[in-house]
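Colleague: Now for the letters of each chain:
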Amino acid sequence: MPESKSKRRATAPATSMLQLRYLAHARSGDKGDTANVGLVALEPEYYPLLVKEVTLSRVKRHFKGMVKGVERFELPNLKALNFLLHGALDGGGTISLKTDAQGKVYSTALLRMEIPVPVALARKLTPRG
Amino acid sequence: MTAKIVRVAAGQGFWGDWLEAPVRQVRGGPIDYLMMDYLAEVTMSIMQKQKSRDPRYGYARDFVPLMERILPDIAAKGIRVTSNAGGVNPRACAEAVRESARKLGLSGRVKIGLVSGDDILPRLDELMGRGHELRDLDTGRPLTDVRDKVLSANAYLGMAPMVEALRRGAQVVITGRVTDTGLTLGPLFHEFGWDVNDWDKVAAGTVAGHIIECGAQSSGGNLLKGWRQVKGLENPGFPIVEASADGSFVVTKHPHTGGVVSVASVTEQLVYEMGDPHTYITPDGVADFTTIQLKQAGKNRVRVSGIRGREKTDKLKVSIAYFYGYKAVGTLVYSWPEAYDKAKAADRILRARLKDLGLEFEQILTEFVGVDATHGPLAGPADPEAPEVQLRVGVRSKDKAAVERFTREIAPLVLTGPPSVTGFAGGRPEVQEVVAYWPALIDRTEIEPFVQVEVLDA
Chain A
1 MPESKSKRRA
11 TAPATSMLQL
21 RYLAHARSGD
31 KGDTANVGLV
41 ALEPEYYPLL
51 VKEVTLSRVK
61 RHFKGMVKGV
71 ERFELPNLKA
81 LNFLLHGALD
91 GGGTISLKTD
101 AQGKVYSTAL
111 LRMEIPVPVA
121 LARKLTPRG
Chain B
1001 MTAKIVRVAA
1011 GQGFWGDWLE
1021 APVRQVRGGP
1031 IDYLMMDYLA
1041 EVTMSIMQKQ
1051 KSRDPRYGYA
1061 RDFVPLMERI
1071 LPDIAAKGIR
1081 VTSNAGGVNP
1091 RACAEAVRES
1101 ARKLGLSGRV
1111 KIGLVSGDDI
1121 LPRLDELMGR
1131 GHELRDLDTG
1141 RPLTDVRDKV
1151 LSANAYLGMA
1161 PMVEALRRGA
1171 QVVITGRVTD
1181 TGLTLGPLFH
1191 EFGWDVNDWD
1201 KVAAGTVAGH
1211 IIECGAQSSG
1221 GNLLKGWRQV
1231 KGLENPGFPI
1241 VEASADGSFV
1251 VTKHPHTGGV
1261 VSVASVTEQL
1271 VYEMGDPHTY
1281 ITPDGVADFT
1291 TIQLKQAGKN
1301 RVRVSGIRGR
1311 EKTDKLKVSI
1321 AYFYGYKAVG
1331 TLVYSWPEAY
1341 DKAKAADRIL
1351 RARLKDLGLE
1361 FEQILTEFVG
1371 VDATHGPLAG
1381 PADPEAPEVQ
1391 LRVGVRSKDK
1401 AAVERFTREI
1411 APLVLTGPPS
1421 VTGFAGGRPE
1431 VQEVVAYWPA
1441 LIDRTEIEPF
1451 VQVEVLDA
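Chains as they are written, first to last, in my numbering: chain A, 1 to 129; chain B, 1001 to 1458.
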């Protein structure tokens, strides 16, 4: 139904892609060969956007080739999502040869991800919109 | 009458944390307890090694001079200390602190509690002989696979022996592998007389312990949100929990200290090392982190409430360390122009030489610091104008000779490889022993009857 599709596109609010660094802060740590990333909304009103757009499949795609599996948990009370990135640390702990063997800055790698947000919000949050 | 408040202050977040923190915690304002966490996953194996060389060692030795500095203060103010600095030799640690107390003229004024029974290394064969396989929680392999390489084995104890030591009047309680959170839970249960089967109280104390167990990481240190606005980290205020009998508490820090206690700073610590947030398992109970409510309750004050918990499990976690092999990491710095290309060329040459020498490695890992070391392919293409790039190559092997030879292949690249190279003044990389971690579970009933609490008079 190409017609209705184009109609829907016409009425949908305009969005643009925005890096998570403008919407969330984050901290990560390790358990064995698993890194976790806690992603926390910078303002409570951004949390629904994170829940909707930072999906399990998007995070899996983001870390493709870097991790072996992803789990996702929601913490509405803390306006946070928690991701477990399995097999992310090259063996982990003392075995790993990586600079970031304990996954301390995996959090910032997730903040690189881009999600679609309303254009007005993107304009407000980035220096040049 | 005002409601009772118990203040538990964090003094150390890990073995190697800021040495001034505990001193400033006891002198900077009122506190009732000072908790100091020293043990990370493989710390016990380092301590076990030290003990095997000298039976007087095997604990966090900087704890003793630290206690010497603060003992007069804590004796005068009645502050009590809980710490797992005892490592694999809590008795030697307790005796050393007792010696310090005597030297300071505090004989008869300070009682020292000693908790042991977590060390199951001497019992390992007996336990395995009776069918405990101690399978690796991550890989499922039975411990028999690495039994001959095991260096340390400790069960994580909960708060019960800590509570008993406090009840018997210990002012400084020194333990082995008591959980980080148990060091805070113990004081709270002792002070408020909570029922150990009140799972919401266990969960509340667990969350309080988790928030302060990494020291300043919950009070402005390592805080990403608004990091430029975090002032005064020259003198970071370590976190303090002000707990109430209903299980709610306020996280704060002493006046006239730097850092910040905010909903953001506490939240970042709460999500640190988080697994399934519904199920944070400790020896004392299970906390549900999705029930935690945070509210800014004044400057540098965050109120924490609403925490729910569930019954403890019938297992205890066991932390086992075993000898794995050897590793080394070598680095060189290449400068503009074309720094990244030069570093890549050096890596190719190095790898070809290692291959030519017939050296076998389990893994060779190359990272380019300034390009991809922390974000991998997500960092995008390298900047061709980068002023410098560090080549960082790591190897790991069971064969010590191979790793040693690798360490001699870095410096030669300076005169036999790509140009514009520097940063080798540190000399040959060091060959490091790899001690690996093996987490397992064991029935609580195998451990708890062996736990001992003693109280020594200084």
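One or more of the hints may lead you astray.
With a straight-line cut-off of 25 Å between C-alpha atoms, the simulated SDA-like cross-links for lysine to any residue are [claimed, not checked]:
(1) B:Lys1355 to B:Tyr1322
(2) B:Lys1295 to A:Pro76
(3) A:Lys104 to B:Glu1430
(4) A:Lys98 to B:Arg1408
(5) B:Lys1400 to B:Leu1378
(6) B:Lys1004 to B:Glu1404
(7) A:Lys104 to B:Arg1408
(8) B:Lys1049 to B:Lys1295
Computed, partial: chain B to chain A, Cβ under 10 Å [said to hold, decoys possible]:
(9) Leu1224
(10) Val1263
(11) Pro1277
(12) Gln1296
(13) Gly1306
(14) Ala1321
(15) Lys1327
(16) Val1333
(17) Ser1335
(18) Pro1377
(19) Ala1386
(20) Glu1388
(21) Arg1392
(22) Val1431
None of these hints come from the bench; they were simulated from the model.
Idealized CB from N, CA, C, for every residue including glycine.
Colleague: Of all the hints given earlier, name the ones this structure violates by number, lowest first.
Modeller: 1, 5, 6, 7, 8, 12, 16, 17, 19, 20 and 22
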